[in-house]
Amino acid sequence: MSNPSDPPGAPDPNEPIEESVAGAWRPREPGGGVRFHPGWYDLDEAGRLRAFDAATANRALEAALDPEGLSATARAVLRRIRRG
Amino acid sequence: MDDLDYFWTEVAAGDRDAFARWVAGAEPLVRRSLRSFAAVVDAEAVLQEALLRTWQVAPRFKPDDRPNGLLRLSLRIARNLAISERRRVRTVAAGDDDLEDAIDGDAGLGDRPPTDPMLRHVIVECRDRLPERPRQALAARLEAAGAEPDDALAERLGMRKNTFLQNFTRARKLLLECLEHHGVDLRSELA
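Protein sequences appear in the order of chains A and B.
FYI, the numbering used here numbers position 5 of the first sequence as 5, with every residue one higher than the one before it.
FYI, the numbering used here numbers position 188 of the second sequence as 188, with every residue one higher than the one before it.
In short, the hints are calculated from the structure, not lab data.
There is no bait here: all hints are sound.
Example chain B residues on the side facing chain A (calculated, C-beta under 8 Å, incomplete): (1) R16; (2) E27; (3) A38; (4) E44; (5) L47; (6) L51; (7) R120; (8) R141; (9) L142; (10) Q166; (11) T169; (12) L186.
Computed from a predicted structure; not experimentally measured.
Just so you know, even glycine gets a beta-carbon here, dropped at the ideal spot from N, CA and C.
Modelling step: build the complete structure from the supplied sequences, incorporating the hints.
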C-alpha cells in the first residue's frame, strides 16, 4: 500500500509482491502438492485481494492469447497431470 | 453458459486433452468462487490443487440430470480445500455464505468462448504494440506458464526481479487499455 507521504504517482512498494503472487507459479511440496506463494504471507488482506484480482485479469489475458484458450493456471495443472 | 459435462465421458476415461478443454471453461468460475477466501488463503494454490483433484476423482463422478455436474463438484472441492487451508493458516475468513452464493449463482461466467478468434486477434495486435521490455516480461510469463518463479524469468531477461514485475504490471495495464480502445472491456467482464 502507498504511504500517505509518498509523492503522487510513486510506485506502491507492495506492488511487486502483489504482482508476483498474481503469477501462476507456486512452489511444490516434496510429494507434489501445491504450496502457497511465499510472498502471499507478506501481503495484508487488501494486498491479497488486489493480487487475486490481478491474477484474474492475468489468467484471462493468458487464455485469450493462448491458441487453446488455456491460462497459465491450466497449463500448470495439466503439466502436473502429465508428469503423473 | 455451455454444459461442460459435454467433456465428462472423455475426461472420466482419462483423456487429458478433453480435460484441458473442460479446464478452459471451468477455471474462471472456480477461481471466482474463491474470491471470498482470497484474503485468507492463497486462492491460486487452492485452485490448482482443486483442478488436479477434480481430474483425479472424475472417473468416479456420476452426473445427475443437471448441467455442469463436474463443475459443481470442482467448486465443492475448491471450497473444501479453501476451508481446510483457512484452518491451517489460522486466520478468519469471509463468511461461507458468500461462497455459496457464488457457487449457486454461477454468476457472471462470461459466455465469451476462451478461444474467441476475434478477441485473440485484437489482443495479439495489442500485444505486438507493447514497448519492448513489458512485451518481454509478458512473453516470459506466458512461455513459463507457471513452471518457473519470477526471479528465474527476470534473470533470463537480464532484469532485476522488481523491474521484471513492474514491466509485467505495465504490460497488463497497456493491454487492458488497448483492449478497451478496441471495445473489449475485460475489466468489466472480470468484475
